[in-house]
Every structure is written in structure tokens, then in C-alpha cells.
Amino acid sequence: MENVPEYRALLAVDIARSAGRGDVALRRIRAALWAALREAFARSGIDREACLYQDLGDGVRVAMPAGTPKASLIHPLAHELSVRLAAHNRLAGPPVQVRVRMALHAGDVHIGPDGTVTGRPLEVLARLLDAAPARDALAVRPEATAALIISQHFHEEVVCQGRPGIDPESFRQVGVREKEFTASAWLHVLGAVTPPATPDEEDAGPTAPDRTARQESREAPKMISEASGHGVIYAVQNGTMHITGTT
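Residues in the sequence shown are numbered from 336 upward in steps of one, following the numbering used here.
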């Protein structure tokens, strides 16, 4: 019988900076990730027993059950996972804290009799997970717990549709260039307090009128004067000057 492709929503999660922590720490952070995933799946109404998993060592790839609403992978799943990892990190020392990159895509995949999932969408998912913009987002925002990157296809079908709990303004478009793969994607950082300025914003600095006003403010003479009876004046102007007059 021909293996008919099935349309599935796909999730990949990778623990950031897991290398070099040692076997004991890796086991603990893996356990923390899986516990957070189980709770996030339950909160999202996703039957985790019906999911198809591939253990990536320091992460996991998941093919969702057929018919899973793609929107549920962004909200509430991504949010729930971030919240639970943040709760873990508050009580954990740096060696066992968990921050993750997450990638979302969807497409037609082939599912073998043993549950093995194959197909081009998995290649796209892998490139998204390794993309530099997601890595950089965590590097510049140490308070963030997760960087979520989604494919253009996922963005068009979910984020652009105004789904409840999903703010399109919280996603920014990024370019992904990994090996032979080049595409547009969308990035959302969870757990970040404030986004850093973009390089363009940092280079631009204040507008010309703002700079002029600030310069004039710095360069303008400063005078503080006090007057009392009999014509006594005390003045300060870029230094100290005492002027005394009598009548």
C-alpha cells in the first residue's frame, strides 16, 4: 500500500547552550524540559500520547496528532512551556537552568508503520531550529526563556488570522540562511522584559532636532542670580562671578 502523506503540525525544541554542562546537568535539564512539555501539552489540550516524537538528545521533535489546531502550538503551548521553564529556572542554579529555541512548521509528511516521520517539512523545521536569529535573540536577552521561530507558512495560516491570544505585533520577520536553505521566518521571544534596540535604531540615534536641542542645552550659558537690597547681585555663569554694587 502506498504511504499517503499526512498534513501535520510540527514542533522542534532545542535546549540552548547545553554542550559542556556535563552528563549529570544534562540529565536534569532534559528532565525539566520533558516535565514542562508534558504540562504545556496538557494545558493546550494536545493528546501527547498520540504525538510522534524523535529524541534529539538536547531537545525533541514532535509531529502533532492529525487535526491539531496549529494556533494551539503558539497559544497556549509556547506560552505555557515558557512559563514552566521560567518557574524551574527561578529555583535552579545556572548549570541546570533551561532556555530553549522552538521552531514551528506544518506540511505533508510520510509516517511509517513504526511511527517514523519523514519528509521535506522536517528539513525546513531543522533549519528553522538552527537559525541564527533565534540563537541571537536568546544571546542578547538573558532574561528570556524561549525564542520561537515559525515558518512563513505557519505565520500566514495562524498569526495573520488574528487568533485569540496571539499578537501579530509580537512577531518580527527575519531571514534564515542555513546551508542550502534560504527563507523568511518570524521570530517571537518569550519571557523578555523589553526588546533591545535594533542595529538600525542604535545607529540612527536621536533625530537632528533632538541632537541640536541637546547640544544647545549643554552649550548655553548657565546663570543663577540672586538679588537683595542695596543692589547686591551674585551671579554664576560657566564659573563663579560676584558683582557687588551699592547705592
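In short, the hints are calculated from the structure, not lab data.
The structure displayed is predicted, hence computed values, not measured ones.
Any given hint might turn out to be false.
To be verified - Each computed SDA-like pair below joins lysine to any residue, with the alpha-carbon atoms no more than 25 Å apart: (1) LYS514 to ARG373; (2) LYS514 to ARG352; (3) LYS514 to LEU391.
Quick rundown of the hints versus the structure:
Simply put, LYS514 and ARG373 have alpha-carbon atoms about 33 Å apart, too far for the 25 Å limit, and the pair is violated. Distance check on the hinted pair: LYS514 and ARG352 sit about 21 Å apart at the alpha-carbon level, within 25 Å; holds. For a cut-off of 25 Å, the pair hint linking LYS514 to LEU391 stands: about 20 Å separates their Cα positions.
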